[in-house]
Amino acid sequence: MKMEKRWPPCALYLFILTHRVAGQLEGTIINTEAVRAFPGSDVTLECSILSADWIHLTQTQWSKIDDTPPSRIAVYNPIYGITYLPFSKTSYNYSVAFSKTPRQCWVDVNKTWSAHDAGANQVKCQRWSLHLRNVSLSLSGQYECSFATYPYGTKAAEINLAIKAEDEKHYRFVEMLLNETLEIPCLENMTSVNLSKYPLKWLMGENGREETTLIIKEFYQQDVNKTNSLLYKERIQLGPDNALKISPIKIVDDGKVFSCRVMYHPERILMNIIKVKVFAKPEISITLQNNSRGSIGEASLTCIVKKAFPKPSLTWYVDGEIFKDQFGGISIEAENLKDGEGFYELRSILKIQSTNQSDTNQTFWCMCSFPFQGNKTWNISSGEIIISSGHVYNKGPFPAFTTTA
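FYI, in mature numbering (1 follows the signal peptide of the UniProt record, and there is no 0) the residues of the sequence shown are -23 to -1, 1 to 382.
The reader is advised that the hints may include incorrect statements.
Unchecked claim - Cut-off 16 angstroms, straight-line C-alpha distance, at most; resulting in silico cross-link-like pairs (EDC-like, lysine to aspartate or glutamate): (1) Lys288 to Glu322; (2) Lys222 to Glu160; (3) Lys254 to Glu157; (4) Lys178 to Asp218; (5) Lys233 to Glu152; (6) Lys328 to Glu275; (7) Lys252 to Glu160; (8) Lys254 to Glu160; (9) Lys227 to Glu211; (10) Lys254 to Glu183; (11) Lys283 to Asp316.
The hints are simulated quantities; they were obtained by calculation from the structure and are not laboratory data.
Please construct the entire structure, taking both the sequences and the accompanying hints into account.
Here it is in structure tokens:
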């Protein structure tokens, strides 16, 4: 069984129980088999030996046994106390502690003994701890805690300490409307990290291209260095808690990836990465051009969708039905454009060869369907144009409505 606890700023206390040895409680060591930590965190390696009044502890020792030669770190003697020995990693801040607990050790009942076992309540704990502060990759390796006892002799256990060098990354996807203000926290769910103590950068990237640095802030400076990019220089600022504010959101921000990187430790970078999706509500209009030659009336209906993003679709309706090829005497010409700001523009022309061929009314309108926030599809319709034996009538547009994609 494994327990985990953090102590400021990021200490690790991990306990794992060894099995009962040959039915005997005394002399059993409780220790971790493996401890994992990030660079810059504080780590506690801990061993406890189960003992009783008739067991005498004469000496304990911490060693790093995968060094060449093995490094002795510290020794404890009940009479002479704690002695720190020359340790090859002397640049690191470390300490040891020895303690006796008045109560029996916490144990996993299923793995050790039953509370009804004779003598269980008489077993005590003697705890031997090694505290490593602000750890670095070079401290990874195999550590050994040993207990010299009478009458059981020397007992030892090994702990593997693995310092993880990978960057810590947190990903998020955000959907924004055109012209809104986007505020991105530098580090989310890490309120214990005081960003004023560490240098940070805000960067922007897209589709695997080289990232552009937007903002640089050193831990010892209040001012920030901003990018000279014309695209972002006037639209970004550093907000409270080093959040990035972008206002207003533009189409060019779609698909961009913004990341805050904090140099928490020379070997540890904390990152918050946000990808932006931009949506814009389009405009739709319908116009009529009526050309008459003698008794034959011709008309062209033009439907235009502007300021759309992402790319929408356009559908013609005739008498409430989607236009299909079987409507005689009617044809469609369409083109899709993209303007200089990145908006999509759709233009569709519906041509009626003869407006006098039907004695009944024909009603025409166009509808634009476009993707929207929350995985939805919005629909917006133009006004209606009614053609009746060469006469034309206009009606107002329909209200927009949504459907789930």
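Hints and how they fare:
Of the supplied pair hints, the one linking lysine 288 and glutamate 322 holds, its CA atoms being roughly 8 angstroms apart against a limit of 16 angstroms. Pair hint lysine 222 plus glutamate 160 holds up; C-alpha atoms about 4 angstroms apart against a cutoff of 16 angstroms. For the hint pairing lysine 254 with glutamate 157, the CA-to-CA distance comes to about 12 angstroms; that is within 16 angstroms, so the pair holds. Note on lysine 178 and aspartate 218: the hinted pairing holds, with a Cα-Cα distance of about 13 angstroms set against a maximum of 16 angstroms.
With a CA separation close to 12 angstroms, the supplied pair lysine 233 and glutamate 152 stays within the 16 angstroms bound. For a cut-off of 16 angstroms, the pair hint linking lysine 328 to glutamate 275 stands: about 8 angstroms separates their Cα positions. Only pairs whose Cα atoms come within 16 angstroms are accepted, and lysine 252 paired with glutamate 160 is accepted, the gap being roughly 13 angstroms. Between lysine 254 and glutamate 160, the direct Cα distance comes to roughly 14 angstroms. Compliance with the 16 angstroms bound is thereby established for this hinted pair.
Our distance criterion of 16 angstroms between C-alpha atoms is met by lysine 227 and glutamate 211, whose separation comes to about 13 angstroms. Between lysine 254 and glutamate 183, the direct Cα distance comes to roughly 12 angstroms. Compliance with the 16 angstroms bound is thereby established for this hinted pair. The suggested pairing of lysine 283 with aspartate 316 holds, with an alpha-carbon distance near 9 angstroms, which does not exceed 16 angstroms.
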